[in-house]
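Protein chains: 2
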Amino acid sequence: MIKEAVIVGAGLGSRLRGTLENRPKGFLELNNEYIVEMSVKKLISHGIERIIIGTGHCSEWYERLAERYPAIDLIHNERYAETGSMGTLEVCATKVTGDILLLESDLLYDSIALHTLINDPHPNVVLGSGFTQSGDEVYIAVDDNQEVSIISKHLDEVGEPFAELVGISKLSYNTLMAMCAFAAKHHADVPKMEYEAAIVGAQKAGEHLFVRKVEYLTWREIDDANHLALALEHTLPRVLENELLRGVRREVLLNPGPATTTDSVKQAQVVADICPREEEFGNMMRWICDELTAFVGSTDEYETVLFAGSGTLADEVMISSCVPKDGKLLIINNGSYGARMATIAGVYNLNFGVFESSTYQPLDLNALTKVLDKGFYTHLAAVYHETTTGLMNPIPEIGRLCHDRGIVTIIDTVSAFAAIDIDMKRDHIDFMASTSNKNIQGMAGACFVFCNRKELEKLKNEPMRTYYMNL
Amino acid sequence: MIKEAVIVGAGLGSRLRGTLENRPKGFLELNNEYIVEMSVKKLISHGIERIIIGTGHCSEWYERLAERYPAIDLIHNERYAETGSMGTLEVCATKVTGDILLLESDLLYDSIALHTLINDPHPNVVLGSGFTQSGDEVYIAVDDNQEVSIISKHLDEVGEPFAELVGISKLSYNTLMAMCAFAAKHHADVPKMEYEAAIVGAQKAGEHLFVRKVEYLTWREIDDANHLALALEHTLPRVLENELLRGVRREVLLNPGPATTTDSVKQAQVVADICPREEEFGNMMRWICDELTAFVGSTDEYETVLFAGSGTLADEVMISSCVPKDGKLLIINNGSYGARMATIAGVYNLNFGVFESSTYQPLDLNALTKVLDKGFYTHLAAVYHETTTGLMNPIPEIGRLCHDRGIVTIIDTVSAFAAIDIDMKRDHIDFMASTSNKNIQGMAGACFVFCNRKELEKLKNEPMRTYYMNL
Chain D
1 MIKEAVIVGA GLGSRLRGTL ENRPKGFLEL NNEYIVEMSV KKLISHGIER IIIGTGHCSE
61 WYERLAERYP AIDLIHNERY AETGSMGTLE VCATKVTGDI LLLESDLLYD SIALHTLIND
121 PHPNVVLGSG FTQSGDEVYI AVDDNQEVSI ISKHLDEVGE PFAELVGISK LSYNTLMAMC
181 AFAAKHHADV PKMEYEAAIV GAQKAGEHLF VRKVEYLTWR EIDDANHLAL ALEHTLPRVL
241 ENELLRGVRR EVLLNPGPAT TTDSVKQAQV VADICPREEE FGNMMRWICD ELTAFVGSTD
301 EYETVLFAGS GTLADEVMIS SCVPKDGKLL IINNGSYGAR MATIAGVYNL NFGVFESSTY
361 QPLDLNALTK VLDKGFYTHL AAVYHETTTG LMNPIPEIGR LCHDRGIVTI IDTVSAFAAI
421 DIDMKRDHID FMASTSNKNI QGMAGACFVF CNRKELEKLK NEPMRTYYMN L
Chain Z
1 MIKEAVIVGA GLGSRLRGTL ENRPKGFLEL NNEYIVEMSV KKLISHGIER IIIGTGHCSE
61 WYERLAERYP AIDLIHNERY AETGSMGTLE VCATKVTGDI LLLESDLLYD SIALHTLIND
121 PHPNVVLGSG FTQSGDEVYI AVDDNQEVSI ISKHLDEVGE PFAELVGISK LSYNTLMAMC
181 AFAAKHHADV PKMEYEAAIV GAQKAGEHLF VRKVEYLTWR EIDDANHLAL ALEHTLPRVL
241 ENELLRGVRR EVLLNPGPAT TTDSVKQAQV VADICPREEE FGNMMRWICD ELTAFVGSTD
301 EYETVLFAGS GTLADEVMIS SCVPKDGKLL IINNGSYGAR MATIAGVYNL NFGVFESSTY
361 QPLDLNALTK VLDKGFYTHL AAVYHETTTG LMNPIPEIGR LCHDRGIVTI IDTVSAFAAI
421 DIDMKRDHID FMASTSNKNI QGMAGACFVF CNRKELEKLK NEPMRTYYMN L
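Residue numbers (our numbering), protein chains in the order written: chain D, 1 to 471; chain Z, 1 to 471.
A couple of the hints might just be wrong.
[Stated by the list, open to error] Covered stretches of chain Z (in silico footprint by chain D; criterion: 3 or more residues with CB under 8 Å from a CB of chain D, positions within the stretch not fixed):
id	region
1	154 to 167
2	209 to 219
3	243 to 255
4	301 to 311
5	335 to 347
6	394 to 405
7	436 to 447
FYI, nobody ran anything at the bench for these hints, they're computed from the structure.
Since the model is a prediction, treat every value here as computed from it, not as a measurement.
Ideal Cβ positions, reconstructed from N, Cα and C, are used throughout, including at glycine.
Using the sequences and the accompanying hints, generate a full structural model.
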């Protein structure tokens, strides 16, 4: 999975000076939206989590943009006046940690281009299109393997052009490094190198950069007033329509859950198949668990366990796994899910009691304290937010009461996680459960239990009550 | 969900006589594929399960096509020579059971058109495009609600055209019936009515037919040699590229499971959100269960129960739910999943024994018979096909042995269901489990247990061993 993109944004739109008034090229407005901002949104909706933008001229424009997009990570090319786009890419490369998508900043394009590159099996792909006759074409010639051989604006240099360069590429980390090495060798003789030259240089140095040609791609680079007029009349309406057509009707669901999902969440399911026995799959599971944990605690002290199943399954995982044979569980019941936890505890014949409370009045903490003070209970289970009624239990206060008495806490946070500020350590939550389809607004089908590692460790010699649901 | 389509295919391609040589219009070949066959494939990949085609001239061409596509359901318009396309649609309508997509047979189109109609919130949608200048345009004018007011080839009749008619529409069952009623009223005065006239007639009679305009849709109706040349040069390459670009790289996974998935399976996840408390959702669950059951038995005697979870969960559902307190379970262990069932039985402290057998040699049925003849066991669990080794157990023979001795059978058919011919009644299988991601080649995440209703009924007063996994 590609998670990073680089946009080389240092250039000024000098040929658009009348329109751009001292802005970087990417800040041309089409339909009241910056062209680079459109690109940022497309990248985010295709799973890119970090967009490294190399700035130069008028970098304050990018700084203001970055305030609105946490995914943007700016780096300034101090020598932007003396370098070309490759100089900016070299600066950006210091921040890159994996494979990337590389984009020019002044491109208007149908986002199917991103899908095409991400999907392509080649690790390095330079995107080409049919010939646009735009008057500012950059041509690509290829070798017998359809890999880059020449990139040039001059047809006489190219000979037989295979495609026109769009300005979007997929690069493996190693190939990016090879491009930087090529550029470094030529800092003296080619101080204003463009990144296209480094692509050809890397290919010549033994890297393999495949050219993917999309004959009818809707796109346009906007360098002058004529391009701008054509973009507004022809390119933008086509791009907007294409992207609208691929979208899905958004329903308003008047139910407490599951949450509705965006197009990008739905489309994230449409990816190449992955083998669950591969390291790649294990890494993805690890990454998901760590990202989930990071919402609520440190991965040193807390661990997330994934299950295929519903929120009810996650609750049952906790009730059936977290109370040892000699444990005594108090369940707070002030709503459907509290009642369900009591039902589940009954199924397993746990030694448990129920603290009954109104389904619409605040919990009586004094009464609860008195029960806990009897010293009978070792574990407490409660629902943070009752999905059905909206009732919130004062979990941090309950957590403090339990912590002071050495009682382990088991919290259903199905509709609280990722909406209410939770810090498992601060709030003294030892185990908590949630699902993919509530506040994180993913598709239904996965659920997870967050565990205090120390408490989890204590359970390792307990007999299993189930096989699948055992933590 | 729209499950039916109607193609009015009775017409001869008279203006293409040189090319078509006495074939129906839909049998024009582009790149060695019939144009109507391309359409059939697109419909199937968009979830259409039944394609009703009304035939007329040279219907044998459609009969040969139908042999290759079980989804095609032909009906012959006996009066094709005296009626227009509406006459054929009236004949087709007798087979329609719900909402439909209606298509002309001689259309080449980007399948995004189908996605657009299916996604559109209006129940009736007539698809329009920008103006193609094809020389054979049919224009649509609309009223203030963007509903059909006029459809005509003559610009002077239309006044201000809103869009060009593509020839693909979405019609609710009721609106289709209103169109048929309109046509029936005019059988005498308009014997050769085209379906477009009935669309306008239905709108005038109080139905609401929204016009959805896709300005840049790639499509072409092919009526003459000029259209054909343009289709080959311009339309077909664009359609093929667009559809290729939306696809997903197909990986070959060298693992025993889960199965890889096709683009249409992946894309079936990209639909409008649906509320799990709605009747629509319940109906879909019911439909899935009945369709699954139909593979292996009658829905009167057998029932399928769905779970969110893996194949292991489905096995655990059976082991933990199907053996009553006083039951005695024999588990055949000749592979990983047999061993796992024994582990699960151990977790629940069932009264069980294990029949050990080689993981690569056939099971010794005589030895098994001797064990069963002791009369100790009431239930038997086995794996039909061991995913890890490919070993098959002789389930019909084992089923017969059990049936003769009144022993209930519990079979893991995770990688057998939908690949091996199973008839639960004939094979004496009482409970069996499988998943969405093996032979039916769906996405992972759902699993199901097939139950003999009579045996399921007997379990209803048994205490639950789990909450989520209880049958």
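Do three or more residues from the region 209 to 219 of chain Z put their C-beta atoms closer than 8 Å to C-beta atoms of chain D?
-> Per the Cβ count (3), the hint holds.
Test coverage of the region 243 to 255 of chain Z by chain D using CB-CB distances below 8 Å; three residues minimum.
-> Since three or more residues must qualify, the claim that chain D covers the region 243 to 255 of chain Z holds, with 10 doing so at under 8 Å.
State whether the coverage of the region 301 to 311 of chain Z by chain D holds or is violated, taking the criterion as 3 or more residues with Cβ-Cβ distances under 8 Å.
-> With 4 residues close enough to chain D, the hint holds.
Taking a Cβ-Cβ distance under 8 Å as contact, does the region 335 to 347 of chain Z have three or more residues in contact with chain D?
-> It holds: at least three residues are needed, and the region 335 to 347 of chain Z offers 4 whose Cβ sits within less than 8 Å of chain D.
Counting residues of the region 436 to 447 of chain Z that have a beta-carbon nearer than 8 Å to any beta-carbon of chain D, does the count reach 3?
-> With 4 residues close enough to chain D, the hint holds.
Would you say the region 154 to 167 of chain Z counts as covered by chain D, given the rule of at least 3 residues with C-beta under 8 Å?
-> With 0 residues in contact (Cβ-Cβ under 8 Å with chain D), the coverage given for the region 154 to 167 of chain Z is violated.
Counting residues of the region 394 to 405 of chain Z whose CB is closer than 8 Å to a CB in chain D, do you get three or more?
-> With 0 residues close enough to chain D, the hint is violated.
Hint compliance for this structure: hints 1 and 6 are not met, and every other hint is.
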